[in-house]
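J.: Here is what each chain is made of, one letter per residue.
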Amino acid sequence: MPDALPSDSVGLVSPKTIRFDAPLELACGQTLAHYELVVETYGTLNADASNAVLICHALSGHHHAAGFHSLDDRKPGWWDSCIGPGKPIDTNRFYVVSLNNLGGCHGSTGPNSLNPDTGKPYGPDFPVVTVADWVASQARLADHLGIEQWAAVVGGSLGGMQALQWSLDFPDRLRHAVVIASTPRLTAQNIAFNEVARQAITSDPEFHEGRYYDENLVPRRGLMLARMVGHITYLSDASMGEKFGRELREEAYKFGFDAEFQVESYLRYQGERFSEVFDANTYLLMTRALDYFDPAYEFGGDLSKALAPATCEYLVLSFSTDWRFSPARSEEMVNAMISARKRVNYAEIDAPWGHDAFLIPTPRYTDIFTAYMDRVAREAGA
Amino acid sequence: MRADLEIIQQWVQPGDHVLDLGCGDGTLLDFLQKERNATGFGLEINPDHITTCMGKGVRVIEQNLDTQGLDNFDNGMFDIVLMTQALQAVRRPDKVIDEMLRVGREGIVTFPNFAHWRLRWGLTLSGRMPESDALPYKWYNTPNIRLCTFKDFEALCRQKGIRIKSRRVVDGQHQNSWLARAWPNLMGEIAIYRITRETTS
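Residue numbers (UniProt numbering), protein chains in the order written: chain A, 1 to 382; chain B, 1 to 201.
Simulated from the structure, these hints should not be mistaken for laboratory data. Careful, some of the hints might be misleading.
Unchecked claim - Distance condition first, Cα-Cα at most 35 Å in a straight line; then the derived DSBU-like pairs of lysine-lysine:
{"hint": "1", "chain 1": "B", "residue 1": "K138", "chain 2": "A", "residue 2": "K342"}
{"hint": "2", "chain 1": "B", "residue 1": "K56", "chain 2": "A", "residue 2": "K305"}
{"hint": "3", "chain 1": "A", "residue 1": "K342", "chain 2": "B", "residue 2": "K56"}
{"hint": "4", "chain 1": "A", "residue 1": "K342", "chain 2": "B", "residue 2": "K151"}
{"hint": "5", "chain 1": "B", "residue 1": "K151", "chain 2": "B", "residue 2": "K95"}
{"hint": "6", "chain 1": "A", "residue 1": "K16", "chain 2": "A", "residue 2": "K120"}
{"hint": "7", "chain 1": "B", "residue 1": "K95", "chain 2": "B", "residue 2": "K138"}
{"hint": "8", "chain 1": "B", "residue 1": "K34", "chain 2": "A", "residue 2": "K342"}
{"hint": "9", "chain 1": "A", "residue 1": "K305", "chain 2": "B", "residue 2": "K34"}
{"hint": "10", "chain 1": "B", "residue 1": "K95", "chain 2": "A", "residue 2": "K305"}
{"hint": "11", "chain 1": "A", "residue 1": "K342", "chain 2": "B", "residue 2": "K165"}
{"hint": "12", "chain 1": "B", "residue 1": "K138", "chain 2": "B", "residue 2": "K160"}
{"hint": "13", "chain 1": "A", "residue 1": "K305", "chain 2": "A", "residue 2": "K243"}
{"hint": "14", "chain 1": "B", "residue 1": "K95", "chain 2": "B", "residue 2": "K160"}
Isolated chain B, as found in the complex (with noise of 0.2 Å):
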């Protein structure tokens, strides 16, 4: 099982009203609703990965967060908004960070960290923007636009006001590594954070 996958079922409650921005292919949500029976559905802007949802029993909704947000979606009514790699490939993350928080108790966001030891090396050594496993595009053709670090992304919390509940550091892979765990903002690819702005856990 993906690491990712697991971690993000350990914090799903039983039955939990789940939304999934940017839900791609509908893996997690299908994963979540048999592991954890949970309900919800995903936001998707992909045909391809819209048809493969349907197909498989995701529920899934064609919405651009770009341009639709999540206006059409009441306050507190889902118990978790995740948002798993697609953070940095969003307008504005501030706003949907904010907005994911309007309409879920709580958030679970992943995405790639733009100070990995091997994306400073690179740019380092080459001069040139730095490709990954996590970050396979060229810079002109790249749908990432807002990358940022771990740190940068615990920042704009904090100036939020928003609580960092946990966050677990991974690999490329979605593993587990104590070098990530001990140097997170350097060895660390993808985090998984769970924030919210409730003050009691």
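Next up, chain A with everything else stripped away, as it sits in the complex (with noise of 0.2 Å):
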């Protein structure tokens, strides 16, 4: 719990709810007749609208990016070190909108809502969504919001692949796209982690082909696998060898297969913490949408075709030591957005801590987001 509330802190922070009647036709064929999304706001709309930015978020995130709900919090939003008054999205100049994506099981419609049709969770029926149908429900949002264009839509990871879809879904509704340690489809190895993933919280016993809410239970065991296996793909050998080494718990083997390693019980405390907050069938469905994401497949491949109605600017930023999407995936963005002739900034941040790095608030990728972020306030009359 913060003593007090830190002066770079956009502070107390509320969400709320905001309904949406208006059908969504999604790619996999079906409809959804209306929905919620929980968002949160930060800073204030100036009067021409100008200076919105769009916060989206990753496989395991939600709509509380900064700030604190409540002054008992032990952490504050999940990417509150770049979000707040003086921080590369300066609050003080943008209006920040952050909310949690359909499926989400953080408030947002998804698979532990109410489907109506039953009056039970939907579960398993509920639609396995992809980065397109996200993109299409927070083009509603900014409707809602009376914002026309985004001065920029930002996002790391699966949140740097809605900024991607942004711009080519609507090109007129953005003027900067900044995507960070992102990739412009996964490769077969990342598929290959998240079946994994998948695999363990399906075959828990206790997921109930999905409808384990009926049961009154929750797939711990399986929820708790799949987060230790993506966890490992989240860090770089070098950050976990420095933060556990071959460190035991105790001083000597106990020659049998309990957590005797740091690394072992870390990885299980992880993933038991996550296996209460988190939902599986919302962990199935946006791993399923980070596999289905390749916009240069309709176009045989070839990404700088589908980048054609793109007008944007982009900003590209990758990891060093990332593996997860190592900097030659960004650099296949950012080569394909060059011969598009589409207008692109890229830099590779030398960082230890893998895929996570983009969370973690280092020296040079500070300046450069600062930079390009105060830049884009100037732009816009902030």
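From these two lone chains plus the hints, build me the complex, please.
T.: Pasting the structure below:
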């Protein structure tokens, strides 16, 4: 708990729920008759609504990106390091919008919401949503908030995919897309890791084909394993080595299979905590959205053709030790943007933390992000 | 205004798509964007320069010419490829020049003249590696690993069948001087070359 709110914090914030009654057609062919999105906003929308920034979250993210819900909160929002007064996404200048995506488990309509047709949670009946579906729902959110054009759409990892998709689907509705630690498509290895995570969940006896809510059960074991394997891919060999090495919890080997190494107990702890706060069906859904993302697919794999409609300027950032979405994946994206004659900026940040580096404020990352967003703010007259 | 910016500007047409190799803090591109409405971007590896460019609105891509080359650029995709004061710092200037004229219709190259009289004089008198305003380093820490003279550069162009469209010679402060015009390889400190493989201008 913070004794007092830090001066560079957006302070106490509260989410609000917005209901959308116009049906949303999804890529899978199904339609959501109506849905709700949970949203937090920070800062003030200026008179000409030119200073709005959309934050898109990653796999396990949600609407609570910055600030505190109460003074008792142990931690601030998930991207508090980058959002706040004087921070790269400066809330003194920008109006920041952060939402929980459709299919999420933090209040927006998703598998754990009640299906109006049955009166029971959707569970496995909740449609598999795609990055493009999210972007379409976010565009409706922009309409609702009176935002014709975002100053920037910003996201890391799966969030970066949404920023990229925005630039293709609604080119006139954003001036900048900031795509951090992301990729234009998953590799076979990325999909393989997702499949292990899904198998861990679906093979948990408490999963009940996704209808565990009806049984008052939670497939904790499966979710925990899914998170453990995911977590390994978010860190680098070096950062894990530095944090845990081969350190044991006790002095000697016990010649058994309990968590003897520190790294084992760390992963178990992370997995257990995650299984208490996240929904298994949402995890399946989010990993599938990752797998399916491939804007070049319809263009014979040629990303530069897929980029044709885009008019925004891009900032692409990668991190040297990220092996989940490596710098090479970002460079693929940048090269396609160059080929398509788009306006693009790129930097590879040297950071030891693997994929997680996009959440950790290192000096160079902060400097670049601040310099770029400062320019975005100046253009917006903010 | 710096004389080299003024000279280069004259060779850039309004709206040209420009690539600047080793764009530094983006001064030249910023100038060309404002004065010539040029599009395009710079390549740079210095982290501080990259940040400065991004703050200015000069588009920049982190890319190392020595290790990554220009393989990721399509043939003829730029009107002009610029390289100011960086040719002497790359590992293979000859290959960089080939690549410049593959991806661009025209190249503009500037570099310090190692045959400038003060450098010749310094080497002759002291017997030590020369230093100057344009080359302010020690032999062991200099990034300038491929120094050449104007004559060397022109010989390389001849050998490669590259046409020199224009050459302007200035002093270390990028100022014009009649001495440098009269005896460029002796009195000129920095030359600005405009080169192409195209046969008609």
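J.: Give a verdict on every hint.
T.: Against the structure, the hints:
no. : hint             : verdict
1   : B:K138 to A:K342 : violated, 41 Å
2   : B:K56 to A:K305  : holds, 29 Å
3   : A:K342 to B:K56  : holds, 18 Å
4   : A:K342 to B:K151 : violated, 39 Å
5   : B:K151 to B:K95  : holds, 18 Å
6   : A:K16 to A:K120  : holds, 23 Å
7   : B:K95 to B:K138  : holds, 26 Å
8   : B:K34 to A:K342  : holds, 19 Å
9   : A:K305 to B:K34  : holds, 29 Å
10  : B:K95 to A:K305  : holds, 30 Å
11  : A:K342 to B:K165 : holds, 30 Å
12  : B:K138 to B:K160 : holds, 32 Å
13  : A:K305 to A:K243 : violated, 43 Å
14  : B:K95 to B:K160  : holds, 11 Å
Hint compliance for this structure: hints 1, 4 and 13 are broken, all remaining hints hold.
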